[in-house]
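Asker: Chain by chain, the residues run as shown.
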Amino acid sequence: MDTTLSTPTTGPRLSHTEITNMASTYSHEWRAVCDKFNNAQDLSEVESRKDPENDPFRSKYKARELLREIYCSLKNFDVGENESVNDEADQRPTEQPVDGGMEESFGRGHCGDSPAGSRAAKLGAVEYYLGVNHVETEELSAGEEHLMNCMTLLEKCSISPENVSLFIQVRNQLGILWAGRDEIEKAQGFLETAEAMYIRYMKEDGQPPMDLTEFFVAEEEALPQQERTKRFEMAYTHTLYYLAQVYKNLEQYEKAGGYCHSTLQRQLEFNQFLPLEWAINAATLSQYYITKTLYMEGRHCLSAASVIADLAGEVPSEAAAQESEAEAEKRDQLRQKRAEIARCWIKYCLNLLQDAKKLLEDNIGELDMDRQAELRATRLKEEEEKERGRKSAVLFGSSDTFDSICGLEEKVSCVFPVDFEEARAIFLVGQTYVNQAKEYFEMDGHVTDHIEILQDHSALFKALAFFEEDLERRCKMHKRRVDMMEPICKDLNAQYYLLVCRQLQFELAETYYEMMDLKLAVANKQDDLDAHTVKKFNHLCSSSTKFYQMFLDSVRSPEGKWPEKLEDEVLRPALVAKFRVARLHSRLISSSKTIQLENLNRSLECYNFVVQYCKDNPEAKSAIETELELSEEMVSLLPLKINRLQANLASSN
Amino acid sequence: MQHQQITNSGDSDSIKVFVRVRPLTQGTGLTTDGDQGLCLTVTSPNTIRLHSKPEPRTFTYDHVADMDITQDSVFSSVAKNIVESCINGYNGTIFAYGQTGSGKTFTMLGPSDFDNFTDDQRGVIPRSFEYLFFLIDRESENAKSFLCKCSFIEIYNEQIYDLLDSASASLFLRENIKKGVFVEGAVEKFVTSAAEAYQVLSMGWRNRRVASTSMNRESSRSHAVFTMTLESKEPAKEVVNIRTSQLNLVDLAGSERQRDTHTEGSRLKEASSINRSLMCLGQVIMALVDVSNGKSRHICYRDSKLTFLLRDSLGGNAKTYIIANVHPGSKCFGETLSTLQFAQRAKLIKNKAMINEDTQGNVR
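Going down the list, the protein sequences come from chains A and B. For the first sequence, position 205 (counting from the first letter as 1) is numbered 205 according to our numbering, and the numbering increases by one without interruption. Count along the second sequence from 1, add 1000, and you get the number used in our numbering.
Derived by calculation from the structure, the hints in this document are not laboratory data. In this text, a Cβ means the ideal position worked out from N, Cα and C, and glycines have one as well. Any given hint could turn out to be false.
Claimed, not checked - Covered stretches of chain A, going by a simulated chain B footprint (3 or more residues, C-beta under 8 Å):
id	segment
1	330-342
2	442-452
Claimed, not checked - Computed from the model, here is a short list of chain A residues facing chain B with C-beta under 10 Å:
id	residue
3	456
4	491
5	499
What the hints assert, rightly or not - List of simulated lysine to any residue pairs, SDA-like, C-alpha gap at most 25 Å:
id	chain 1	residue 1	chain 2	residue 2
6	B	1144	A	556
7	B	1178	A	500
8	B	1269	A	254
9	A	386	B	1293
10	B	1295	A	482
11	B	1233	A	553
Make a model of the complete structure from these sequences and hints.
Answerer: Below, the structure written as structure tokens:
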């Protein structure tokens, strides 16, 4: 449905009679010209789609012939006029582009409603269509020539309702043409001029301008104002769309992002979009913003994506999907795209929590009170700035979606959380989207996607745990992570999911390690260790060891051999795993001296491995500097401890 | 030409590329017939020089084979090792890539598709079957037993068709925690010898032809994926070791049809005037999302069906070889360049994902 647009109240200056006045003398011939034009349009846009594979441009060539005839008729209409018109045959296109963003040079001469101006505009339009036709049939240089002729014809014309559409569209085409030749700066020049022309026209005039097709229609077929506006705005949306691509190709990413954003907004505003496609694009843009730490913009894109995706309609029921293939397709599409948007929301919550954690943590990864106070203070200032930023940002929405988008935004914060309460609010939103995404991406059928969602869920818990001050409760959060991942890690076939398996094993090992540390911290506050606590502590140690070991085993060949050289992507994780296993062995609590001795020997073995590997492969040193230093230290200290223990053991026997 | 055996000692599992130059002969149906100008020279067993202006360009690959290479040495370089790995439980994939008429079919199948399976000129696929069953027979002597299944599908226009069941509608890709990625409902045929495997292949190949004429599916625009699933059982102490592996043989769409976004450079995507869609806006935005800064992000655009199906082969847990076929005629310069560039890009495909490790406060 089209949204109604308010048109300027100044009545149209454009009289159609005037445009066709000179032609009226030849009304009979003129009618023939209009018919030809209609035929050419039809051939070019409808018929050409049915052209056979071996003659793909048949209809386009026919259309070209008609356009040429129109051109000749137009030239003939003016016999007897004293206008000196440049013969287009002498008009070789200049090598230098006419455009370079110099909008001061726009002509102030002709206007579309002077006979000369009207003639130039018509000839220009035919040149434009001929240019597009040649480009479409892969004759680029001829196409360029026609487009440049169009530019030349219009040079003397001012930016008026009769000309402005053609001004913009011919530059859009030239932009595409030059970009295709790898001359991006040239393309940029044309497109930026088109942009400047639009802005200036809207400032100075702004009434719905004539469409290109209207040069060749009978008076009674003139377009309604609303349709004129729509086509004109669409052409400008395309200008922005091309500019977004040009800036991307020039690696001006921030600018490209801005133009993508504006393109999306205009699609909404003028109701020229497909809901699902639009929503996915907005959600993707949100991911650009969050990688740039622009959470306010990211949240805005996501809220808009969610609202617009809902416009795509109701999800057909499973029963309906069973009945018809079209319904099944629609059901799958809707569910999938909405789940994708939910996944983008998850990343938003996750990054917001993780970034806050980075700001707040001290050098051992605990919450730093001073930083917390600092962040609270700066946030007050920032909020005012944000509000100002919001006012200047391009906001999404059409008249009937704007409120829902803002409403959805308010459901989650876009500033860094400073304490557990705030972090929890963001966590809960993230968790809601986790559940939504899992509804479509079920384990059976979407293994990789499902696991990635779980990994995000685990990461959300991990980030939230940072804000939790109570160590016991923090431990429980990590336990939730274990419960999520452990069963999958057991069932997953490493033959096909080697990398995912490794990620899960490593994360489980780390999580148990973390829990072991927390238990230790809790125990240190108590006076004596009871048997239960010791048992629990040892269990966490062994579990962590088990998963590190599984990860290490995944590096072995099918025959169980250790590689001479670790591959880049597992080099650091594998050495870190060895180092952790060494520490875990030395942490195990046992009352038996024999077992203590065994554990220490194992520990030494692993430390030795790390040191030896780095000796053999010096290039590995940089990857694990800290761990290596500690390992070297332990390799020199542990034997003393082991000897003491051995002596002790010998004397007691 | 001196043939080099590629050894398997500690080779990293990145993708390997084998470039093969076809001889310049008449009657290839290419526009180069009668034109004797060459656009390339094989300068060593690993390098190829393209006579581009103003400067000639040299490309380096794992192996470059000139016109006179025998079918047997192509097999030995490319497939022998992969087939051996399959027997030992690794997955393996061989892709054939190149423009129509560059010798893909000759390399993969042999001179005239399926006439004789004993011809000295038979291609990589029949030789792989022979070698695979030769190894199976040898292994079977020491109490190992094998089960071998084949499926054959075609991907056309992002739809999947079963070439072993021409009556079937398009199929879906799914994933399963045990089986990995698979085509749901694809026919699987058990085979016990090279000849049987070859029969299954030729039946599917014929169906592909029929489909391309009767259903307007151009075979030069489709990818065909022949998959052999190998299951081995080995009784060990009290337990039975079961290993499965897959061998994928892939005939990619002619490279001249592969005008994908990566080869178009700076060309702008045009807005379609037909509907309200700015189809490629998403791709532009996607390119802006920075992957390098370690942030977690989600991209909503799905992989193509082919990359999804072969995800494992593209920088995963598998041995992969790409055979890039090129035509030396100077008229083919453009296509040859883009094939060589594609093959070079393929070399860079590594596993993108990493082991996530929290480096904060872990040394305590």
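Asker: Now tell me, hint by hint, if it's right for this structure.
Answerer: Checked hints:
no.	hint	result
1	330-342	holds (count 3)
2	442-452	holds (count 6)
3	456	7 Å, holds
4	491	5 Å, holds
5	499	5 Å, holds
6	B:1144 with A:556	22 Å, holds
7	B:1178 with A:500	13 Å, holds
8	B:1269 with A:254	19 Å, holds
9	A:386 with B:1293	24 Å, holds
10	B:1295 with A:482	23 Å, holds
11	B:1233 with A:553	22 Å, holds
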